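Start from chain A and add chain B according to the hints.
Just so you know, the sequences run in chain order A and B. Mapping the first sequence onto our numbering, position 20 (from 1) lands on 20, and the numbers just tick up by one. Basically our numbering = 1-based index in the second sequence + 98.
For the record, the hints were derived by calculation from the structure and aren't laboratory data. Note that the structure is a prediction, hence the values are computed from the model and not measured. Check before you lean on any hint, since a few could be wrong.
Below 20 Å or equal to it, Euclidean Cα-Cα: the simulated SDA-like pairs (lysine to any residue) are [what the hints assert, rightly or not]:
id	chain 1	residue 1	chain 2	residue 2
1	B	124	B	227
2	B	332	A	13
3	B	124	A	87
4	B	124	B	308
5	B	332	A	93
6	B	227	A	93
7	B	332	A	83
8	A	25	B	220
9	B	332	A	88
10	A	84	B	126
11	B	308	B	131
12	B	332	A	39
13	B	227	B	311
14	A	84	B	330
15	A	84	B	117
16	B	124	A	25
17	A	23	A	78
18	B	227	B	332
19	B	311	A	93
20	B	124	A	90
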Amino acid sequence: MNSGKPSSKPDLYVIARIINVLKEKRRMNRTALATSTGLAYDKLVNYLSWMSERKFIEIDDDGNVKLTKAGTDAYNELVQWIMKYVGQLRFPRLRPRT
Amino acid sequence: MHDQDDLSTVKADMTEMITEESVVSKVQELMETLDNIKKYNAFATSLKKFVIIIVGFMTVFTIIMGMIEFYDLRASFDSPLFFSVSFLSLLIPITGIVTGVLFVRRKVNSVRTGEWKEELSHGFPSALKMLLELDWDVTFDEISLGKISYVLYGLMKAAAYWVVTFAALRLLGTAVTLSVFQRVEFVDGFFWAALALLIVLFTLGNDLLKRYKEILSLDLLLMELRWFSFEFRKAEF
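Chain A on its own, in the form it takes in the complex (with noise of 0.2 Å):
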């Protein structure tokens, strides 16, 4: 049964996603976080337990959850990274031509 934990190998675009919504709202519950990430609620619990684990994040006495430095530096090398290299890319112009 898949419980929608991430285990070892989370889904990098719904960890991006997560952390996306909370850099621009800064704090956010779950229920308003679940619907801005488009994500069940479940599956978003899941997430938000495997990203407060490596401090991604933290999640108050409220249930509200806010996005740490660990968080945001995480998501800015991964930002970081893909530019790194898909900066490096040269896509010709091309036009095929019948």
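The following block gives chain B in isolation, referenced to the frame of chain A:
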């Protein structure tokens, strides 16, 4: 002090936004390039029918011209009528080329592009998703197949042009020599073949050169994407 902290935070945020936008912009370029690859690949899917159309029309034309030669129908027509019929029969391969090219053009234009635009408008996470979901092996196969098909299409089209030019030149040459020198054959068929080749190369030279450059570009793209996919797949995030 607080103001300075706020300012540096804003600056850092702006830099991150620019980098994210740069990633999105690069992924957009990648997706546009892959859309074009799909168009090249349309040559592969339509090449077989293109060849059948061209060869079919050329065969009909060859049979008609062969029958005229074989049954010596030239004798039963007077010269102007014979040349009129022969020139009119040139419309057969010309129609074949036009039909074939239009068929391929329709296939290439029907390739659906830009379906990723809506998704990519959601920013960096969507760009990341696209990179993660790209089937690189399929993409590499598409580039290789599209490239070969594009070359074959160009060569096939040039060959068809050569056949039409050769037939037209030979007929024209025969008509001129017959009316001026009262002889059917003044120069060898190889002369007309070579002249037709020169004319086709002169006419399509620029097109063939552009195709050659496109093939080189596709080779370079293939190398770059292989490198990127290798780095991307081996990365541990």
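So, against the hints stated earlier in the document, which numbers end up violated here?
Violated hints: 4, 5, 6, 12, 13, 16; rest satisfied.
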